[in-house]
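S.K.: Going down the list, the sequences are from chains L and G. Everything in the first sequence is counted per this note's numbering, starting at 1 for the first residue and increasing by one. Everything in the second sequence is counted per this note's numbering, starting at 1001 for the first residue and increasing by one.
Derived by calculation from the structure, the hints in this document are not laboratory data. No residue lacks a Cβ here, since even glycine has one placed at the ideal position from N, Cα and C. One thing to keep in mind: the hints can contain errors.
List time: in silico BS3-like cross-link candidates among lysine-lysine, alpha-carbon distance up to 30 Å [unchecked claim]: (1) G:Lys1101 - G:Lys1112; (2) G:Lys1079 - G:Lys1059; (3) G:Lys1095 - L:Lys105; (4) G:Lys1031 - L:Lys105; (5) L:Lys119 - G:Lys1031; (6) G:Lys1031 - G:Lys1019; (7) G:Lys1095 - G:Lys1080; (8) G:Lys1065 - G:Lys1079; (9) G:Lys1095 - G:Lys1079.
Covered stretches of chain L, going by a simulated chain G footprint (3 or more residues, C-beta under 8 Å) [said to hold, decoys possible]: (10) 18 to 31; (11) 102 to 112.
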Amino acid sequence: MSGMRRQTPSLLLHDETFRRLCRSRDLLAASYQAQVSLDEAAREACLSAFHFHRLFASAFGETPHDFLTRLRLNRAKRLLASGEMSVTDVCMEVGYSSLGSFSMKFRNFTGRPPSAYQKEARRVFGFSAPWHVVFVPTCYLANFGGIQ
Amino acid sequence: MIQRMGHVAIFVLDQDVAKDFYVGKLGFETKTDQTMPNGFRWLTVSPKGQTDLEIILMKVAPGPKLQQEDVNTIAGLMKKGAFGAGVFETADCRKTYEELKAKGVEFLAPPKEEFYGIQATFRDPFGNWFSMTQPKEH
């Protein structure tokens, strides 16, 4: 996966600080389509934007912006693989207003443009719908799930 | 060259009970909860501070690898406390101990100062036990 590189989180943060950062992260995750600003998320954590950015990365191994981008693009992958929505609709659904920007970020994230990803997913999974695409190691499916 | 661990599995006897414990009580987040058409359920959770490590809550059940007698043996060993599944980390062992106790988590040992930090021990509903450690800063 090209694009964002996750850092190894550093030492444990102060307990109360970590809790506040978790609340902010939950807020970002719940509102990613509504484009909650990072400033709002910082206020939720009772931190300045600078400290929020630094401590978020320290706690979770990625910046708030990278967290949001990853969330949106993983959601986009699932929607594209399900085959039920067009690339444009997926772009809007995950919170991007520009198809060009979405396509570029998606390509950086997965190595393929969204249309190519969707085509390959349809080839692999077929057109059965609704299909919730879950990436499960095949060894677990075979050894515990009885699925060959 | 192996660089990191992506998933780790913990055996459980009931995945609904497990989810209630690890998510509802310990505060982990659900990463994936999907039941396949044949009934096999893929359930993974992560601690909030380590979301790139997925803990598979794997139901012990008869299947390609396990016969019913194996399942019974594993369940017995779990209940006996034979499986120390790992070490969780916290920045405040005593505070987290009080919170989790209030939520009904069963502790095998209260917080105690060790040379490496402060440690408590708890078990999940099936007998898997964990160290919960506040590491000492060196």
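S.K.: It remains to establish, for every hint, whether it holds in the given structure.
M.R.: Hint check results:
no., hint, verdict
1, G:Lys1101 - G:Lys1112, "holds, 15 Å"
2, G:Lys1079 - G:Lys1059, "holds, 15 Å"
3, G:Lys1095 - L:Lys105, "violated, 42 Å"
4, G:Lys1031 - L:Lys105, "holds, 23 Å"
5, L:Lys119 - G:Lys1031, "holds, 26 Å"
6, G:Lys1031 - G:Lys1019, "holds, 11 Å"
7, G:Lys1095 - G:Lys1080, "holds, 28 Å"
8, G:Lys1065 - G:Lys1079, "holds, 21 Å"
9, G:Lys1095 - G:Lys1079, "holds, 27 Å"
10, 18 to 31, "holds (count 3)"
11, 102 to 112, "violated (count 0)"
Consistency note: the structure conflicts with the earlier hints numbered 3, 11.
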